[in-house]
Amino acid sequence: MQKVKLHINGFTRTLLVNAHETLLDTLRERLNLTGTKRGCDQGSCGSCTVLLDGTPVLSCITPTIRCDGRKILTIEGIGVNGHLHPVQERLASDGGLQCGFCTPGVVMTAVPFLQENPDATDDDIKEALSGNLCRCTGYKKIIEAVRHAAEDLRHG
Amino acid sequence: MGRVIGKPTPLIDAVQKVTGKAMYTDDFKFPNMVYVGLHRSPHAHAKIMSIDTSVAAAHPGIKAVITGKDIPIAFGVLPISPDETAMAVDKVRYVGEIVAAVAGETPEAARAGADLIRVSYKPIKNFITPDESLVECSEDEKIHQHTKNSKNIHKIADLSFNDPKDGIASSSFTRSVDFKFAGVTHAFTEPHSTIAVWNGDESLLVITATQVPHYLHRTLSKVLDIPLHKIQVKKPALGGGFGGKSDPFPHEMIASKLAILTNRPVKCTLTREEVFLTNHGRHPTEMTMSVGCDVAGKITALDTDIVIDGGAYGSFGVVTSYYNGVLLQGPYKIDRFGFITRRVYTNKPQSGAMRGHGAVNPRYAVEVVLDMLAHDVGMDPCDFRQQNFLSENTKTVGELRITSNGIRECLETVRRKSGWDDRYGKLPNGHGLGVACGFFISGSALPIIWNRYPQTVVHAKLDFDGRIVMFSGASDIGQGSDTMLVQIAAEELGISMSRVQVEVADTKLTPVDLGSYSSRVTFMVGNAAKQAVDKIRHQIAASVGNEKSVPREAIQFADERVFTDDGKLNLTWDEAVDIAMAGRGAFVESGFYISPKLGGKFKGSGAGLSPAYSFGAFIAEVKVDPMTGQVSVIKVWSAHDCGKALNPLSVEGQIEGSIHMGLGQVVSEDMRYHNGRLLNANFWDYRIPMTLDTPEMDVTIIESNDGEGPYGAKEAGEGPIHPVLPAIGNAIYDAVGIRMTELPITPDKVLTELRKGGQQ
Ligand code: FES
Ligand code: FES
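Line by line, the protein sequences give chains A and B.
Just so you know, we're using the numbering used here here: the first sequence kicks off at 1 and counts up by one.
Just so you know, we're using the numbering used here here: the second sequence kicks off at 1 and counts up by one.
Hint data in this document are derived by calculation from the structure and do not stem from the laboratory.
You may find that some hints are simply not true.
In silico SDA-like links for lysine to any residue, alpha-carbon gap of 20 Å or less [to be verified]:
| # | chain 1 | residue 1 | chain 2 | residue 2 |
| --- | --- | --- | --- | --- |
| 1 | B | 21 | A | 84 |
| 2 | B | 222 | B | 449 |
| 3 | B | 597 | B | 392 |
| 4 | B | 623 | B | 427 |
| 5 | B | 21 | A | 77 |
| 6 | B | 29 | A | 31 |
| 7 | A | 126 | B | 634 |
| 8 | B | 21 | A | 29 |
| 9 | B | 21 | A | 31 |
| 10 | B | 29 | B | 260 |
| 11 | B | 535 | B | 588 |
| 12 | A | 126 | B | 698 |
| 13 | B | 21 | A | 89 |
| 14 | B | 29 | A | 76 |
| 15 | A | 5 | A | 73 |
| 16 | B | 125 | B | 146 |
| 17 | B | 165 | B | 333 |
Now the stretches of chain A that chain B is said to cover, found in silico as 3 or more residues with beta-carbon under 8 Å [what the hints assert, rightly or not]:
| # | region |
| --- | --- |
| 18 | 99-109 |
| 19 | 124-138 |
Stretches of chain B that chain A covers, calculated by requiring three or more beta carbons in the stretch to come under 8 Å of a beta carbon on chain A [to be verified]:
| # | region |
| --- | --- |
| 20 | 23-35 |
| 21 | 656-663 |
| 22 | 674-688 |
Even for Gly, the Cβ is constructed at its ideal location relative to N, Cα and C.
When you get a sec, could you build the whole thing from the sequences and use the hints?
Following this line, the structure appears as structure tokens:
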């Protein structure tokens with residue numbers, strides 16, 4: 001057991017964790033942050049994506065002890081003052097989700113991506129989201145929603 | 001009409017889903033909850049000689065251990081083939097079958113406990129391939145005792161009209177081609193998950209990721225011997241189904257049993273590997289497809305011989321057996337028609353219902369064979385198809401009633417949009433176009449559990465708060481059925497969607513619905529919902545008409561107002577509701593749907609009957625790399641006749657999702673086994689398309705306005721998958737001149753065919 005300090009969504013938590021505890025377990029099972037989804041627990045689907053110091057990581061293959069002292073942002077921390085982030089807004093309004101199980105992972109991948117690539121083309125978006133499996137939408141409306149969100153952010 | 005219906009409408013739970021607030025089964029926690037660990041068989045086929053649970057039971061944190069003998073009552077989603085138990089009793093029939101289960105204080109304890117169960121087995125002969133199951137074996141080697149003639153054949157379904165074999169023999173052109181299809185699985189992103197709570201009054205609450213709460217409700221009552229009225233099955237947000245969450249599942253029964261034994265809430269969430277082992281996906285299939293036509297390209301006869309690999313248990317297999325054949329009766333008119341399907345048991349995870357149920361593989365085969373015939377006759381494949389279509393308002397040879405039918409417009413649309421006439425057969429080598437069509441049921445006209453009840457009932461409630469609550473047992477599995485309920489209420493009552501809420505998929509609160517499969521929900525639940533809210537409107541009009549002395553027929557509902565055109569009456573919605581409440585308070589109205597009586601009188605005539613059929617035509621453009629054999633799908637043009645798109649955003653989403661799933665099956669997906677052991681039970685090795693594989697998609701919705709569908713609507717969730725696969729297959733032929741008859745079409749198979757130098 002090791003003591004770790006996690007800065008999650010702007011709030012600091014101190015926890016004792018095992019070496020084998022994943023960040024996904026910590027978030028879902030211990031902190032009740034269930035917005036982050038467990039689609040495979042094998043690093044293959046992207047549904048568990050969160051930001052670690054601003055970079056998307058797969059929380060199901062990230063040991064919590066490696067997150068000591070670092071900033072974690074989950075889907076619960078996206079959007080400010082009750083306002084949706086444009087990526088969320090567009091996924092919702094443009095049909096970019098059906099069952100929604102992949103959606104938190106898509107949001108957590110697309111938000112930092114657009115921050116760094118405000119002029120992303122569809123091919124860039126496809127590349128960026130290539131690790132997020134979605135079985136419902138055929139990706140078309142996800143890609144369009146992210147492109148529209150980029151436009152919103154540029155004009156916003 | 002048309003204020004809400006027909007407008008692109010975001011899902012009512014979309015904001016919950018983009019913010020991570022939507023609650024899926026595994027997101028729920030109950031105080032003092034315990035977790036399930038499952039012990040699975042390492043053998044494909046073996047007798048269970050003994051099970052020692054003592055070490056597991058003594059392990060710290062283990063609260064209960066159960067084995068097959070604790071839940072011995074057999075079940076099956078079809079009441080005609082109850083061949084499965086919650087856990088193996090006496091013998092195991094596939095690698096991964098559940099043999100025993102524990103409840104542990106933590107997931108780790110549960111896993112450790114499950115590992116400590118000791119089972120001794122005596123292996124029996126394995127039957128891994130359909131060929132092995134079709135030959136005689138000794139009685140005690142058979143996978144199931146009930147199969148006949150010392151073989152492992154579960155079901156033989158066959159129909160024949162007007163001597164098709166003779167029809168083919170006497171045709172000017174005939175083709176008879178062997179096809180082979182690998183098994184594929186749903187690969188929904190949310191793993192199966194269940195929480196069972198045993199209440200103090202001996203009632204059972206089961207929160208679970210299911211497409212059909214009603215079947216689970218019935219099955220739990222049967223296998224646990226609990227009265228129906230003591231069981232509540234609830235479906236929360238659900239992360240995709242595609243048919244794979246339609247059966248009642250062992251883990252749901254096991255969690256329930258353990259909840260009763262431990263008297264504590266029990267959670268069971270499967271790992272991704274376990275999801276693959278649970279399967280119930282599309283049957284691996286082998287078939288010979290024979291079709292004949294005359295010199296003018298008119299189809300004369302079709303006959304097909306099909307073997308489907310059911311795996312270890314029945315699931316929906318009897319229905320699948322029929323659907324493989326009967327759903328070849330359209331969209332073309334074929335008067336001499338026959339098929340035989342043999343479903344065999346093998347020692348593998350069971351096959352079941354998956355999007356496009358039963359009809360996807362034969363659709364590939366027939367559309368490829370029609371393409372060959374078109375070339376034989378010397379006709380353009382689109383022209384060939386056009387002249388063979390069924391008309392509207394007709395019957396197929398097997399007496400499927402066809403009402404609205406937009407197939408001609410579908411084909412004309414994709415033909416025009418793709419530039420087919422200028423480009424087909426003329427693209428540079430390695431590039432090609434292919435066309436294919438399809439059709440599908442909008443719900444089965446016959447329920448699988450026979451009774452005289454409607455196929456669905458919807459309740460609509462109005463109360464003093466001016467809110468309409470729609471109560472429906474239908475399961476929103478991502479397809480947007482909850483949104484449809486709200487749209488219909490808002491449309492009929494002239495109120496905003498935000499005034500309408502849903503209570504859904506809860507067998508205690510909501511009236512019975514037969515579930516979200518066979519593309520039945522929009523048609524059946526939509527009709528019932530419309531009827532229920534229409535009754536509410538009539539009630540309000542009656543009360544308001546009485547009180548304000550205006551003829552009720554003159555009363556209109558729009559823009560949150562209740563009014564007459566002459567201006568004599570002009571109430572807000574709330575004022576009207578207040579009048580309707582007087583003297584009686586809140587009230588509920590009920591709507592239902594029963595399919596009209598359909599079909600012929602012969603045995604097997606019930607299969608494939610539906611009150612309406614969707615139609616579609618797709619064209620695919622592919623690029624084939626002759627050096628690597630890699631097939632890339634560049635663009636798909638799709639036109640689907642869904643009658644009327646109640647929510648075009650959702651209809652497009654269904655078509656795009658179907659293109660994705662069809663693409664996966666045609667180029668990469670394949671459940672691979674070695675001696676019955678599934679080799680690729682993860683997303684690394686079982687490759688579903690990702691963003692980078694996604695072709696450009698051009699989607700057109702064709703509206704034929706069905707006379708019996710709600711607002712004219714038919715299905716859109718499954719029909720669009722059928723044309724995808726053969727359109728790609730036929731495009732490969734246009735690109736490099738090879739006929740691919742084995743799916744998935746992987747580079748090695750393409751190279752092998754290319755080396756043979758192409759055929760035909
Ligand atoms: S749950 Fe982490 S990648 Fe699938
Ligand atoms: S919306 Fe269902 S998996 Fe993406």
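Ascending list of hint numbers which this structure does not respect:
Checked against the structure, no hint fails, so every one of them is satisfied.
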